[in-house]
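> Spelled out from the first residue to the last, the chains are:
There are 2 protein chains.
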Amino acid sequence: MIRADSPTFLGFGEIYFSSVHFRSVKAWKRNAAATAHFAVPVGEISMALFDNRPTSPTCGHLETLTVGRSQYVLVTVPPKIWYGFQGLTNPEALIVNCLDRQYDASQTDRLEYPSETVPHLWPELE
Amino acid sequence: MIRADSPTFLGFGEIYFSSVHFRSVKAWKRNAAATAHFAVPVGEISMALFDNRPTSPTCGHLETLTVGRSQYVLVTVPPKIWYGFQGLTNPEALIVNCLDRQYDASQTDRLEYPSETVPHLWPELE
Chain A
1 MIRADSPTFL GFGEIYFSSV HFRSVKAWKR NAAATAHFAV PVGEISMALF
51 DNRPTSPTCG HLETLTVGRS QYVLVTVPPK IWYGFQGLTN PEALIVNCLD
101 RQYDASQTDR LEYPSETVPH LWPELE
Chain B
1 MIRADSPTFL GFGEIYFSSV HFRSVKAWKR NAAATAHFAV PVGEISMALF
51 DNRPTSPTCG HLETLTVGRS QYVLVTVPPK IWYGFQGLTN PEALIVNCLD
101 RQYDASQTDR LEYPSETVPH LWPELE
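So the sequence lines, in the order shown, correspond to chains A and B. Under this note's numbering, the first residue of the first sequence is numbered 1, with each subsequent residue one higher. Under this note's numbering, the first residue of the second sequence is numbered 1, with each subsequent residue one higher.
None of these hints come from the bench; they were simulated from the model. We treat Cβ as the ideally placed atom computed from N, Cα and C, and that holds for glycine. Mixed in with the good hints there might be a few duds.
Anything over 10 Å on all C-beta distances counts as not near chain B; from chain A, calculated [stated by the list, open to error]:
no.: 1; residue: 4
no.: 2; residue: 42
no.: 3; residue: 51
no.: 4; residue: 65
no.: 5; residue: 71
no.: 6; residue: 73
no.: 7; residue: 102
Pairwise CB distance ranges (calculated) [to be verified]:
no.: 8; chain 1: A; residue 1: 18; chain 2: B; residue 2: 4; range: 32 to 38 Å
no.: 9; chain 1: B; residue 1: 4; chain 2: A; residue 2: 64; range: 52 to 58 Å
no.: 10; chain 1: A; residue 1: 125; chain 2: B; residue 2: 11; range: 26 to 32 Å
no.: 11; chain 1: A; residue 1: 62; chain 2: B; residue 2: 90; range: 24 to 30 Å
no.: 12; chain 1: B; residue 1: 61; chain 2: A; residue 2: 71; range: 55 to 61 Å
no.: 13; chain 1: B; residue 1: 4; chain 2: A; residue 2: 62; range: 29 to 35 Å
no.: 14; chain 1: B; residue 1: 61; chain 2: A; residue 2: 56; range: 54 to 60 Å
Covered, in the sense of this in silico footprint (three residues per stretch, anywhere, with C-beta under 8 Å from a C-beta of chain B), are these stretches of chain A [what the hints assert, rightly or not]:
no.: 15; stretch: 14-22
no.: 16; stretch: 92-99
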C-alpha cells in the first residue's frame, strides 16, 4: 500500500479499516491537519473529493474516481479537502486509511450528506 | 490496526496486502531483522509461529492461533520467528502486514512447507 520511501509518505500516525455497504454513502468528512492515504483492497468504491480552500489554485474543483478492483490506486487526500464515498460492490468494500498523524475527533469536520457545501450527488444504485 | 503510540509500534517501513485462499497454506517465512504486525480484516486464517532462536527462553515453542472474524487481534511477529498460515474462509482471507522496515528479499528466509524445521501441519480442510 505505502512504504516509508514513497513520494507521498509524510510520516506514520495510524492505520485503520472501515467498510462501506453496497449503495451506501459515507460523506462528508474533512481533516484539519492530517493527510490521509486510501486504498480499497476488497470490492470497489466511488470516491469524491472537493476543494473549497479559498487560496487554492484548484478551489471549487470536484473530482470523482473509482477505487478498488478495477483500479488498485492509492488516493492521497491532503488536509482541508472534503471527501466521501459510495459502495459499489455487494455486500461491501473494504477501505484502508493510513494517516500521517493519529486520529483526533476535534480535528475532523463533518457535513451531513447531501450538503450544499459539496456539489456532488451519487446515483441511486439498483 | 496500529497507531504510532501503540506499545508494539517500532517504526513504519511498509504496509502491504496479501490474500490466502480457502484450504491453501502459505509457509514458512522468517524475517532476519523486521518486526511484522498482522491483521486479517476479511475472512479468517490459522496462523502458526515457531521460535527456534537458540538463546530464546521460548526456544522450541510453537504457537497456533486463529486470526480474523472470530477474533480481530493484531499479531506481532518479532525477527527470527518462523511464521505461516492457512486460509479458513471461502473464497479467501485478506491479510494486512505492517512492517517496521521496508521489505528486503535478502533479509527474508523461506522454507518449503511442510518442513522438518517447523513442527506443525495444518489439517486438510473439507
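> Work down the list of hints and note, for each, if the structure agrees.
Hints versus structure:
Consistency note on residue 4/A: stated as away from chain B, yet its beta-carbon is not over 10 Å from all of that chain's, at 5 Å minimum. The Cβ of residue 42/A does not lie farther than 10 Å from every Cβ of chain B; its closest approach is about 6 Å, which violates its non-interface assignment. Under the 10 Å C-beta cut-off, the non-interface status given to residue 51/A relative to chain B holds; the minimum distance is some 27 Å. Non-interface status of residue 65/A relative to chain B is upheld: no Cβ of that chain comes within 10 Å, the nearest being about 19 Å off.
The non-interface label for residue 71/A is consistent with chain B: the shortest C-beta to C-beta separation is roughly 15 Å, beyond 10 Å. The Cβ of residue 73/A sits about 14 Å from the closest Cβ of chain B, beyond the 10 Å cut-off, so the non-interface label holds. The Cβ of residue 102/A does not lie farther than 10 Å from every Cβ of chain B; its closest approach is about 5 Å, which violates its non-interface assignment. With their beta carbons about 19 Å apart, residue 18/A and residue 4/B fall outside the hinted range of 32 to 38 Å.
Distance hint check for residue 4/B and residue 64/A: the Cβ-Cβ separation is about 31 Å, which falls outside the suggested range of 52 to 58 Å. Our hint of 26 to 32 Å for residue 125/A and residue 11/B is violated, since their Cβ atoms are close to 42 Å apart. The hinted range of 24 to 30 Å is not satisfied by residue 62/A and residue 90/B, whose Cβ atoms lie roughly 40 Å apart. A hinted range of 55 to 61 Å for the beta carbons of residue 61/B and residue 71/A is inconsistent with their spacing of about 44 Å.
Range check, residue 4/B to residue 62/A: Cβ separation about 32 Å, and the 29 to 35 Å hint holds. Checked against the given bound of 54 to 60 Å, the beta carbons of residue 61/B and residue 56/A, roughly 56 Å apart, stay inside it. With 4 residues carrying a beta carbon less than 8 Å from a beta carbon of chain B, the stretch 14-22 of chain A meets the three-residue requirement, and the given coverage holds. A stretch counts as covered by a chain when three or more of its residues have a beta carbon under 8 Å from one of that chain; for the stretch 92-99 of chain A and chain B the count is 3, and the coverage holds.
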